[in-house]
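Q: Listed in order, the protein sequences are those of chains A and B.
Anchor point for the first sequence: position 225 equals 225 in full-length UniProt numbering, and the numbering is continuous, going up by one each time.
Anchor point for the second sequence: position 162 equals 162 in full-length UniProt numbering, and the numbering is continuous, going up by one each time.
Careful, some of the hints might be misleading.
[As the list claims (entries may be wrong)] Think about it this way: if two alpha-carbon atoms lie no more than 27 angstroms apart in a straight line, the pair counts; the simulated DSSO-like pairs of lysine-lysine are:
1. K49/B - K175/B
2. K175/B - K149/B
3. K103/B - K45/A
4. K115/B - K45/A
5. K156/A - K115/B
6. K23/B - K156/A
7. K3/A - K149/B
[Claimed, not checked] Which residues of chain A face chain B? A few of them, derived with a C-beta cut under 7 angstroms, are:
8. Q35
9. L194
10. H213
11. V218
12. P343
13. H393
These are calculated hints, taken from the structure and not from any lab test.
For glycine and all other residues, C-beta sits at the position ideal for the given N, C-alpha and C.
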Amino acid sequence: MAKLTIDPITRIEGHLRIDVEIENGKVKDAWSSAQLFRGLEIILKGRDPRDAPHITQRACGVCTEVHALASIRALDDAAGVKIPDLARLTRNLLHGVQFIHDHITHFYVLHALDWVDVVNALQADPKKTAALADSLGNYPNSGVNDFRDVKARLQKFVDSGQLGPFANGYWGHPDYRLPAEANLLAAAHYIEWLRMQTRAARMMAMLGGKNPHVQVHVTGGVSCVQDVMDVERLSEFLWYLQAMRRFIDNVYLPDLLAVASFYKDWGGIGGTTNFLAYGNFPQKSGPYGQEDMWLPGGVIFDRDIAKPQPVDPARITEEVKRAWYADGEPRHPYQGVTEPILPDYDYEGKYSFFKAPRYEGRPMEVGPLAQMLMAYAGGVAPVKASVEAVLKHLDIPVTALFSTLGRTAARAIQTKVITDEMELWVNQIVERLRVGDTETVARWQWPGEAMGMGLIDVPRGALGHWVKQNAQNRIDNYQLVVPSTWNLGPRDAKGQLGPVEESLVGTPVADPKRPVEILRTVHSFDPCIACGVHVIDPHTNEVYKFKVL
Amino acid sequence: MDKLDHVLEHIDSKGINRRDFIKLTTLVTSVLGLAPAMIPKVAQAMTAKERPTVIWLHFAECTGCSEAFIRSSYPWIDELVLEVLNVAYHETIMAPAGHAAEKSLHEAMERYKGKYILVCEGGIPTADGGVWGKVAGRPMIEIAKEAAKGAVAVMAMGTCACYGGVQAAKPNPTKAMGVGEALGIQTINLAGCPPNPVNAVSAVVQFLLLGRTPALDDYGRPKFAYGATIHDKCPRRAHFEEAEFVKRFGDEGAINGWCLFEMGCKGPDTHNNCSLVKFNDGTNWPVGAGHPCLGCSEPQFWDNMAPFYTSKP
């Protein structure tokens with residue numbers, strides 16, 4: 001039996017190592033390991049809680065905005081503040097932009113090269129590519145000359161002998177299945193999106209100050225009162241939003257369906273069992289937990305989408321049996337204890353800096369697939385319609401969603417429904433302004449000793465921040481349980497595999513020297529792992545004790 | 001302008017849009033504070049026959065600096081990658097993984113020995129021999145040492161690579177530090193969390209243009225971008241002089257765009273050109289969004305500037 005180590009896993013954020021055991025051309029066992037430790041939670045201790053959104057946002061510069069949002073919701077919750085409508089809508093818009101930016105960038109820049117052979121695009125006939133583009137959608141820059149130009153650029157690039165980031169790719173791998181024309185189309189759209197994504201970043205900057213790392217969330221609301229009240233600014237935002245919709249409808253979705261139609265068997269590869277989502281986009285403001293979420297949260301066990309259950313945050317625990325921490329019982333984030341040990345990779349023992357989050361003791365997949373399954377089960381109309389349209393187009397059953405293909409499709413469906421909804425929120429801001437509402441920040445007072453929780457679905461899955469502050473209004477304890485620890489965490493004491501490990505078992509590997517199939521499934525989770533850091537002090541091995549709720 | 005015409009012909013042959021390219025060179029020339037006569041030279045520096053090789057390494061970081069760089073639109077990132085630079089190693093965008101990725105790294109270090117620009121993103125954990133951060137089974141500090149040896153210049157992209165960044169904030173659990181300090185070398189420090197891509201591109205251009213490191217301040221930052229404070233060039237400065245301050249987020253002063261000093265703004269102590277260049281193609285910047293400056297381009301700002309919402313005495 002051959003063990004294969006892939007380190008570094010590239011086209012992700014963070015430092016990830018994947019090990020698999022291959023038998024008879026298929027993965028028999030898998031290990032997912034985080035290779036970096038940063039220690040943000042200990043750095044937060046003793047600081048002004050208002051600084052937490054800035055510090056936690058640096059958990060990830062790709063998921064910029066999402067940690068700031070979860071953090072500010074935890075602080076709002078601790079202070080017991082109900083934010084004004086303008087702030088809620090602004091936060092929803094910023095969060096929506098994050099989904100657009102992350103998901104489309106993931107598809108073209110991080111994931112596409114697992115399915116698309118860029119070098120093979122040099123064999124394409126630009127005329128046929130233009131015809132193909134025409135049959136899929138209505139988008140400018142799709143004429144014969146455009147594709148001829150892209151092909152010429154690629155040819156010059158290859159002829160230069162300096163292949164840059166494309167050197168040593170798995171080009172020519174037998175499982176690349178697209179015809180040359182489709183490869184050229186995808187390569188052209190890869191480049192197109194590299195430019196378009198700067199517009200998504202501008203949308204976030206319009207209301208958030210800059211991207212990455214917004215500077216706009218303050219306890220009780222948002223600071224960008226001038227931008228929110230500027231109708232010209234909002235028009236600019238809407239104009240960009242429409243450009244995004246055009247791209248999604250005419251490029252992203254058609255490309256997804258076109259590529260997926262060549263890889264339908266991936267609707268039976270890479271699945272997991274249980275799913276968790278927290279819910280997303282509050283439709284009215286209220287104390288945490290009483291908000292009306294447009295996209296519902298929930299828990300699905302054993303793929304039973306007929307029986308989604310509400311989330312009970314008290315059932316969340318983290319385990320360390322197979323992680324580089326001293327052994328201890330599974331604990332709720334508020335009781336988290338972290339005692340790090342020096343990392344020494346051991347397949348039979350400890351092998352990752354990630355802890356293993358569990359819900360009712362079970363591993364859960366989080367992310368767009370979990371979120372869309374919950375919305376589908378909950379009967380959210382545009383989600384139901386989009387899911388059914390995709391299944392029908394590809395002629396695959398609903399069970400095919402539990403797969404690498406399903407995960408990638410869910411991301412596209414989610415991008416579309418959120419983008420469509422966002423125009424409504426801009427109009428709601430204009431309505432508020434029309435009636436003279438200019439309130440962007442609610443008044444609040446320091447709560448003294450308090451606890452707060454910010455749970456929110458983000459592009460990579462369920463994100464939770466828990467804060468406990470003391471009577472002097474300083475942070476006593478701050479814990480993050482992030483999407484990538486849910487998905488990429490290690491085994492637990494019972495030997496249950498983490499979701500990525502589970503999904504890899506059974507994956508075919510045609511050529512272990514070029515394991516493109518492993519990358520397909522790992523990338524379908526959109527790993528982003530700098531966030532999975534925990535409280536640590538390697539010198540004192542100090543143990544932090546937290547009060548039980 | 002013969003020279004410029006010649007360069008532009010060359011540009012056409014590379015498939016880059018002329019108009020965009022003139023915009024780029026004009027922008028870079030102005031950020032660098034050069035005379036307009038330098039535009040052809042700037043253009044030439046960016047169109048060398050063999051593209052300058054960049055090896056970009058990720059250490060203890062969040063990838064925000066890469067994300068910022070990818071938002072570059074002068075030139076567009078696809079032009080940087082396909083026509084201007086030879087980005088031989090960059091984990092976030094490169095096609096190969098695992099052994100094949102390692103191959104790309106070692107081939108580039110060998111083939112371009114003494115010629116490549118090493119860009120480092122992230123701080124370097126140094127506690128316990130650096131075992132708190134590894135790539136391909138090797139501690140980051142070892143990788144940095146090896147890669148820096150053959151580099152013609154080392155650019156520290158962002159505050160983590162410059163001074164250690166957020167993981168180096170008290171109590172700095174992994175003894176993280178900037179690349180220059182960890183390796184005992186002088187780096188070009190493009191401070192900021194994240195740094196503005198305009199400044200990063202300008203630094204590369206200036207390096208190609210002059211063949212040497214741009215003039216640096218005491219903290220290793222290029223003076224062209226970090227020579228003045230945010231406060232010096234702040235559009236809200238007049239309100240500071242008139243003592244018109246925001247007292248509470250969302251108040252009358254906030255609606256009128258008054259000075260954020262009393263909300264904790266660190267603009268007076270922060271060296272950067274944010275107010276002039278702004279972020280994301282000049283779309284906005286934190287003070288523009290009604291939020292105080294955090295001071296993110298100063299050394300150890302997470303400790304020295306915090307708490308962020310309290311004004312310094």
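Q: Evaluate each hint against the coordinates.
A: Hint by hint, here is what the structure shows:
no. : hint            : verdict
1   : K49/B - K175/B  : 42 angstroms, violated
2   : K175/B - K149/B : 23 angstroms, holds
3   : K103/B - K45/A  : 41 angstroms, violated
4   : K115/B - K45/A  : 44 angstroms, violated
5   : K156/A - K115/B : 23 angstroms, holds
6   : K23/B - K156/A  : 24 angstroms, holds
7   : K3/A - K149/B   : 33 angstroms, violated
8   : Q35             : 5 angstroms, holds
9   : L194            : 5 angstroms, holds
10  : H213            : 6 angstroms, holds
11  : V218            : 5 angstroms, holds
12  : P343            : 6 angstroms, holds
13  : H393            : 29 angstroms, violated
Of the numbered hints listed earlier, those contradicted by the structure are 1, 3, 4, 7 and 13.
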